[in-house]
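Undergrad: As given, the protein sequences belong to chains U and P, one line each in that order.
The first sequence begins at 1 in the working numbering and counts up by one.
The second sequence begins at 1 in the working numbering and counts up by one.
Derived from the structure by calculation, the hints contain no laboratory data.
Incorrect hints may have been included.
Within a straight-line C-alpha distance of at most 30 Å, the following computed DSS-like cross-link-like pairs (lysine-lysine) qualify [said to hold, decoys possible]:
id, chain 1, residue 1, chain 2, residue 2
1, U, Lys-44, P, Lys-327
2, U, Lys-80, U, Lys-24
3, U, Lys-72, P, Lys-42
4, P, Lys-322, P, Lys-42
5, P, Lys-324, U, Lys-44
6, P, Lys-23, P, Lys-324
7, P, Lys-23, P, Lys-322
8, U, Lys-80, U, Lys-44
9, U, Lys-80, P, Lys-322
10, U, Lys-44, P, Lys-315
11, U, Lys-8, P, Lys-44
12, U, Lys-29, P, Lys-274
13, U, Lys-69, P, Lys-321
14, U, Lys-15, U, Lys-29
15, P, Lys-321, P, Lys-42
16, U, Lys-24, U, Lys-44
17, U, Lys-80, P, Lys-177
18, P, Lys-274, P, Lys-83
19, P, Lys-321, U, Lys-44
20, U, Lys-69, P, Lys-42
21, P, Lys-315, P, Lys-327
22, P, Lys-322, U, Lys-44
23, P, Lys-274, U, Lys-72
24, P, Lys-252, P, Lys-177
25, P, Lys-266, P, Lys-252
On the chain U side, residues computed to face chain P include the following (Cβ under 7 Å) [to be verified]:
id, residue
26, Leu-43
27, Ser-50
28, Met-66
No experiment lies behind these values; they were computed from the predicted model shown.
Idealized CB from N, CA, C, for every residue including glycine.
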Amino acid sequence: MSGITREKIQADVLKIIALLGETKPEQLKLEDRLREDLGFDSLKSMEALSRITELYDVDPELDEVMELKTLKEIVDYMVKTLIK
Amino acid sequence: MNPLVIGGTGFIGYNIVKALIDKGFPVRSTRRESSNTLFLRKIKPQLVAADIEDRASLKLAMKGCDVVFMAAGHYPRYSVGLKTQVAYAVRTIRNVLEAARESGIGRFIFTSSVTTLRYAGGNRLVSEQDGIAEPPGRSVYFAVKYAMEREVIRELEDGMSGTILNVAGCLGPGDIKMGTGFFVVEMANRTLSRYIDGRINFVDSEDVAEAHIAAALHPNPARRYIVGNHNTTVSGLLAMISERYDVPMPRKKLPLGAGYRASLLKEYAGYIRKQRVSIPLEFVDMLRFGQHYDCSKVRSGLYNISTPLEITLDKSYNWFKKFKYIK
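Go ahead and model the full structure; you've got the sequences and the hints to work with.
TA: This is how it looks when you write it as structure tokens:
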């Protein structure tokens with residue numbers, strides 16, 4: 001996908017996570033884990049992954065995305081998928 | 001058939017969408033803005049944004065469809081605030097019914113629950129002939145389900161063509177929000193330390209989907225079918241899981257009364273903290289008023305539900321394992 005940068009993906013990931021976590025993007029760290037640090041349960045984690053992948057029209061391998069734990073892992077996955 | 005599935009991102013709705021797609025029907029499914037569409041997108045129905053709170057969005061979603069599978073409906077996140085929850089459930093099911101009527105939908109298939117059926121007490125099998133009745137106790141979940149079904153009955157008596165399917169405890173692939181499959185996951189992860197026993201009926205989610213489709217295609221279906229299969233108990237199910245997947249039984253069986261009181265307190269605490277509890281109160285209510293069912297009518301009239309419980313458990317276990325619910 002052309003015109004997509006890592007920075008843009010990262011900003012979108014943080015925005016969606018902040019929205020669902022009822023916080024601000026600037027209060028999030030890439031090392032944050034969805035469950036342990038942000039208190040997301042499995043349903044909210046899936047909703048986040050659903051929204052992020054849908055935003056970029058990505059059809060993810062479900063067993064791969066279920067392994068993603070930190071915000072950095074999510075960003076890396078999206079970058080790997082979108083920026084070849 | 002040009003079907004619309006309302007609630008395709010949920011457990012039963014997802015299975016209906018998948019079965020319809022497998023049969024080659026052009027399936028449309030609603031989704032809300034906040035829906036988790038990860039699983040549904042994989043099987044590629046036409047996805048349309050609609051919300052049961054918004055009748056106009058429902059009418060748009062129904063455009064060009066002749067059958068509506070209503071597998072959504074209000075599911076109270078917390079068993080708190082009975083009157084408010086019931087009012088919301090009635091308002092939203094009315095939105096769906098009125099949208100269906102105004103859209104000239106030819107067949108309305110409503111996914112209800114066995115919890116709406118009359119609580120007979122004793123040991124006899126409950127059948128369709130028992131009908132529905134005001135729910136026992138003060139269960140918010142039961143009251144919401146009952147109120148919605150009553151609205152559907154009213155519409156069917158007013159001339160809408162449709163069928164009500166009272167679905168039992170559903171197990172199998174697609175239990176995205178981990179409903180009844182909680183037993184499988186918690187046992188397999190060895191995190192279920194206590195349980196409450198009670199009567200329960202289990203049915204395979206793929207059989208449930210087939211029954212829904214059969215109801216849509218049937219030239220003259222009955223008003224109601226109980227969609228269930230295995231009459232058993234929680235302890236019976238847990239023993240089967242324990243043996244099949246080589247995991248220990250939970251250490252403690254709680255008496256029903258103590259389990260209910262503990263669950264009630266946790267439910268209110270969860271409501272205040274905005275955290276859904278691991279064993280929600282509606283599960284306990286289902287056991288407090290658990291019944292066994294005569295499921296012969298659906299087998300003879302719609303679809304021969306016959307998947308052995310062991311096979312259903314394996315399908316459920318493998319699905320949860322694949323998607324990392326089971327560690």
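Undergrad: Confirm or reject each hint.
TA: Now for the hints, and whether the structure bears them out:
no., hint, in the structure
1, U/Lys-44 - P/Lys-327, "18 Å, holds"
2, U/Lys-80 - U/Lys-24, "26 Å, holds"
3, U/Lys-72 - P/Lys-42, "25 Å, holds"
4, P/Lys-322 - P/Lys-42, "15 Å, holds"
5, P/Lys-324 - U/Lys-44, "15 Å, holds"
6, P/Lys-23 - P/Lys-324, "29 Å, holds"
7, P/Lys-23 - P/Lys-322, "25 Å, holds"
8, U/Lys-80 - U/Lys-44, "23 Å, holds"
9, U/Lys-80 - P/Lys-322, "22 Å, holds"
10, U/Lys-44 - P/Lys-315, "24 Å, holds"
11, U/Lys-8 - P/Lys-44, "27 Å, holds"
12, U/Lys-29 - P/Lys-274, "24 Å, holds"
13, U/Lys-69 - P/Lys-321, "17 Å, holds"
14, U/Lys-15 - U/Lys-29, "12 Å, holds"
15, P/Lys-321 - P/Lys-42, "18 Å, holds"
16, U/Lys-24 - U/Lys-44, "17 Å, holds"
17, U/Lys-80 - P/Lys-177, "28 Å, holds"
18, P/Lys-274 - P/Lys-83, "20 Å, holds"
19, P/Lys-321 - U/Lys-44, "19 Å, holds"
20, U/Lys-69 - P/Lys-42, "22 Å, holds"
21, P/Lys-315 - P/Lys-327, "16 Å, holds"
22, P/Lys-322 - U/Lys-44, "19 Å, holds"
23, P/Lys-274 - U/Lys-72, "27 Å, holds"
24, P/Lys-252 - P/Lys-177, "26 Å, holds"
25, P/Lys-266 - P/Lys-252, "18 Å, holds"
26, Leu-43, "6 Å, holds"
27, Ser-50, "4 Å, holds"
28, Met-66, "4 Å, holds"
In terms of the numbered hints stated before, the structure departs from none.
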